[in-house]
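Place chain A on chain C using the hints.
One line per chain: the protein sequences are C and A, in this order. First residue of the first sequence? That's 1 in our numbering, and the numbers climb one at a time after it. First residue of the second sequence? That's 1 in our numbering, and the numbers climb one at a time after it.
These are computed hints drawn from the structure, not numbers from a lab. A few of these clues could be false.
What the hints assert, rightly or not - Calculated Cβ distances over 10 angstroms to all of chain C for the following chain A residues: (1) Ala159; (2) Asn379; (3) Ile391; (4) Ile432; (5) Lys488; (6) Gly491; (7) Leu494.
Claimed, not checked - Residues from chain A that face chain C, not an exhaustive set, calculated with beta carbons under 10 angstroms: (8) Arg117; (9) Leu380; (10) Leu381; (11) Glu428.
Stated by the list, open to error - Some chain A residues near chain C, calculated using beta-carbon distances under 10 angstroms: (12) Ile330; (13) Ser376; (14) Arg385; (15) Ala388; (16) Leu485; (17) Tyr489; (18) Tyr492; (19) Arg493; (20) Ser495; (21) Arg499; (22) Arg501; (23) Asp502; (24) Met503.
Here a beta-carbon is modelled for each residue, glycine too, at the ideal position from N, C-alpha and C.
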Amino acid sequence: MIRLVSPAALRRLGILGMNRRNITFIGENNPRRNYQLVDNKLQTKKAALERGIVVPELYGVIDHQFQIDRMVEGLLDKTAFVIKPVQGSGGKGILVIVDRDGDNFIKASGAVVDAGALRRHTSNILAGLHSLGGRNDCAMIEALIDFNPALATYSYEGVPDIRVIVYRGVPVMAMMRCATHASDGKANLHQGAVGVGLDIATGRSIAAVQHGHLVTHHPDTGASFASLRLPDWDAILDLAAGCADMTGLGYLGADIVLDRHRGPMLLELNARPGLAIQVANQEGLIHRMTQAAEIAATAADHAGRIARARELFRVPETAFPPEA
Amino acid sequence: MIASRTQIGIVAGILILFGLGLTAYKVIRLDLPLWPGESREVWTIESKVNFKPSDGPVEVELQLPRPLGGWVLLEEHFASSGFGFTVVDETEGKLARWTRQTLETPTTLYYKMQAYRARLDTLPGFPISEPDSPLLEADQRAAMERLVADLRERSTGPATFVTLLIQELSRSQPTQDAEFLLGTYRTAKLGVMLDVLAFAGIPAHTVRGIRLQDGRRRQVLSSLLEIHDGSSWQLFDPVTAAAGLPDDFFVWQRGPGAVLRVVGGRDSSLEFALISNNLSAKTVVSMEQRRDDFALLDFSIYALPVEQQGIFKGILLLPVAAFVVVLMRIVVGISTSGTFMPILIALAFLQTTLWVGVAIFLSLVSAGLWIRSWLSHLNLLLVARVSAVVIVVILLMAILALASYKLGLDQALTVTFFPTVILAWTIERMSILWEEEGGHEVLVQGGGSLLVAVLAYMVMSTRVVAHLTFNFPELLISLLGVILLLGKYTGYRLSELYRFRDMAKLK
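So that you can see chain A by itself, here it is in the shape it has in the complex:
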């Protein structure tokens, strides 16, 4: 049996060294930062053009972003298999053009790039064009005149005019004139705003871009309103009326004109997936210098599509949580109800944040136990009873979510992240435990599960851990080695040093 120990030792040793070696290589040769400190937030933005082909040749044109507002583009990738592809430089910016003679099936075209914001900057100048007054019917014209007059009356200049206009149109009960304009000829508020501005003689256009949110998928373009106040261009959020370029806004296209143009296709859409990584300032600079032949991507998850990257960001944290459970059970000796329930609870905590999560967990489990004790009088078969508990847990979740929404506590809406079936099974087991071994044992196991879950959450939510697992996934191979070694650990558990504490007095 010593052979099996040595075997495990050798395998574990190789795994640990392999993981650490690869990490060392990436840190030393590829210059990836080992710690998340002094880093740049690099955004990977993947745009997908979806469309269904109709008859005849297909031509897709996508306006490419120009780095504005202090943004710097690091790399760009196009996926265009089977298409003729060119990048055209025009005065308004770069244009990607995919062409094909015939096409049978719905198709997706990809454009991926990496960008970071080197400095917070405003947008550069833009040619001013005299606004064309919109074509209006007589009654619309009258309403527009009254609205503009009213806004002019209350404003001091173009900037306050826009602010008031946005507020006016965003109100739940706008004035009659505003409501008439919104209702009769244009449904999109932004279009009405542009028309009102044009009518008032204020040069304006939209700025389209992406709201940066880590891990978002199926993000669509959002717009800002840019007006010229006589001396310079100013940006406004068309919903909140906030002025200036938001920090989390990546400008894609400025001015009139379409971002996407599809000829020979229908039902086209443009969607974005986003993910952010922390890279050291040094790495970013070197990426900038040798964009084309950067070896970094070959060795990491960066090579995956952005959507998968986002999923992996979460999945890569699971082994760390499993490691916490292994440590707590084998080395410390905390008893939990079920081996991996703590991990699932910890995952829920990641979505809900810790204290909200603990509060939701405790209230759900205690309410569930109470209802379960009532169910036990009904003399049901086990499977039916557990299913009943599942439904009760879901109802409790719904009530909790609804009540907290009404109270204005948005955070409790995250209750839905709790794994329902796991919770129901936990409640069932704890209630049986209560009947058979008493409340003390329930406290021990339930408390143990919660404690381990909280620890796992704390480890998973650490910035360093998230950074290491995502940028150095090979470290998980080392972790596997350590877990294998722990699987052969025959030493005492910490809890046994307490359990057998009186035995030492003997001799």
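Chain C extracted, bound-state conformation:
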């Protein structure tokens, strides 16, 4: 017998559903013309640089098939890099190379690929295989993040990233996404990555889930999520809230990574952030969005909004739940 929850219960908890997200939040807050900046990672990067927002270093862009032949020579001095589609979505088509072994490249998972595989992958990106709507695309090669060692034990074979949902310039909910062996080094929750809900007030962990079930420890590294507290939390919130101004989107998800040397860095933006963050936080989004709308209407500036959000969305200290 499949166990279901009643719609009334979900409504009471303020859980945001896909239809409501699409119509009420995305449809009414995100003007179509502003999508371009978010869906195109090169434009996001350019806009971020103009505003002094830190982003991973860009090594190069490949926008023609003929450039692919010479691409490996261009990477001679680089041992670690990431190839991604400029218009990709949902982490599709991202190839992470962490090291080299002679002519071969080593992926984050430890698998070894040759230069041909690299070229084939790039060619697929250009043909639009991973892009929204299958449009022709470009591939960008950027520096691999040298992520903060404080978080090293929370992610397996991949970089942990922090997703902050920003509604009308107010950060409303955040989670850290930790790659696992099951998720093949990717930070996608539906592929088995662990989502750790974060307290907006402090950057402290609230709950952790994998495949929708509560967990207390990382399944591969064994690290306990209970004691997690993110460094640079102020800067992370500031960075996320700043993206709202930059894009003109009322509802967006900012994906942020913590670099060892350069601190919080904007990885990418998402105009259609997923709903799993609610499970990771064990709380619904709708109530917080209602409050955020009030904050946006009353608070005068950027700093005021963040301060008010941290005050309102604080989660009591004892809340990290034991494993279900």
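Just chain A now, with coordinates in the frame of chain C:
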């Protein structure tokens, strides 16, 4: 933003009421049946006379059908713009005559009628005329004599004589005499049969008519053989030798004489398009009574030419399938690969029938995935790879069709109804999905597509749905209203009630 919701609500409400209102009007005032039950199968038969004009005046005569065998004619329409037109009553039946002094371009003349079979009846009596023995050369005569003698030897009377004759001439390797007759002076088997019957002194003639098949276009006249066995007339199928008037045979013309005669034209042809509708017995009776001023036709697709009607019968089902997809995705939350792929698969199922369709789909997709995995080693550019998959899918279809034909499974020949490019693209996407997200996700999306396709098929193939969409196309306006409303549905999806099931334990 509330304004936009209200706006949609008002528009949707108007659309829904308009559709339902029109339907109600047709049901109550025009007496169209809302449900397909207790109905009569009314056939609309459209005949087209095509010809190219030669010099001089043109005269076209078409023998019109007489209602025989329990058939009743409901209405008749002639299209004859630019022609002089008369209907002539002669002893052998009615004749439509189109005339014109000069004509430049190839022309098509139309005659459309509606008919239904009130009761299963046999054909009435027909004057018996002594058969004229055919003119034959000496060797043909000898062959004919031997054949007739042989058939007489083996038969008990005219009826069995005809049966044996048909079997004899239809055999793949007929006896020498039969083969000689078929080969030397007449190529048409039916002509040989009539001659043999005449030679044997059995009164016989052909009965021409139409094999009724719903949605058929470019149908031509087929013939039955009618003989007099001494006491009554009997019908035989000249191919299968089956006796009696088939249920699906509409008699057009009986006895000798041509159905179509064109003077001043060449390359003439007579073709028929057919479609059947289920109308309530009551409606049919009232149509019979007031054939001339029946308002029903003004409000429906019946007013279209029959060929278009047949196409619309299929097209009108598409919105219903789209509605199923909308429901499944927005309200239930099933993920499918591509939004409208399920509809295309469901359309293919309509042609192949469900289980055959599912089996073909599964085998094609799995074979395609397997070949695609091999292609991925070849390091091809995407467009080339997808094109390669298209060709492989076509080859697979050909192999499947051929193999099933050899095995005698006619149904699998319907494999060609599957949309090739869609299948190839599906295979490509699923294989990428497999590489990136694993086999589980492929099962979820592929299974979702198939499930939605099966549901859409089940809805489309329902008799009530086919009846409603065709007879009350205005209901689609209501459906549009409902879809608009669903487009503004902000409630939870059924799948989310499962996805967030553990959240309720919290507080």
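Hint check:
no. : hint   : verdict
1   : Ala159 : 66 angstroms, holds
2   : Asn379 : 5 angstroms, violated
3   : Ile391 : 18 angstroms, holds
4   : Ile432 : 6 angstroms, violated
5   : Lys488 : 6 angstroms, violated
6   : Gly491 : 6 angstroms, violated
7   : Leu494 : 8 angstroms, violated
8   : Arg117 : 52 angstroms, violated
9   : Leu380 : 9 angstroms, holds
10  : Leu381 : 6 angstroms, holds
11  : Glu428 : 9 angstroms, holds
12  : Ile330 : 6 angstroms, holds
13  : Ser376 : 9 angstroms, holds
14  : Arg385 : 9 angstroms, holds
15  : Ala388 : 14 angstroms, violated
16  : Leu485 : 12 angstroms, violated
17  : Tyr489 : 5 angstroms, holds
18  : Tyr492 : 4 angstroms, holds
19  : Arg493 : 6 angstroms, holds
20  : Ser495 : 9 angstroms, holds
21  : Arg499 : 7 angstroms, holds
22  : Arg501 : 5 angstroms, holds
23  : Asp502 : 7 angstroms, holds
24  : Met503 : 6 angstroms, holds
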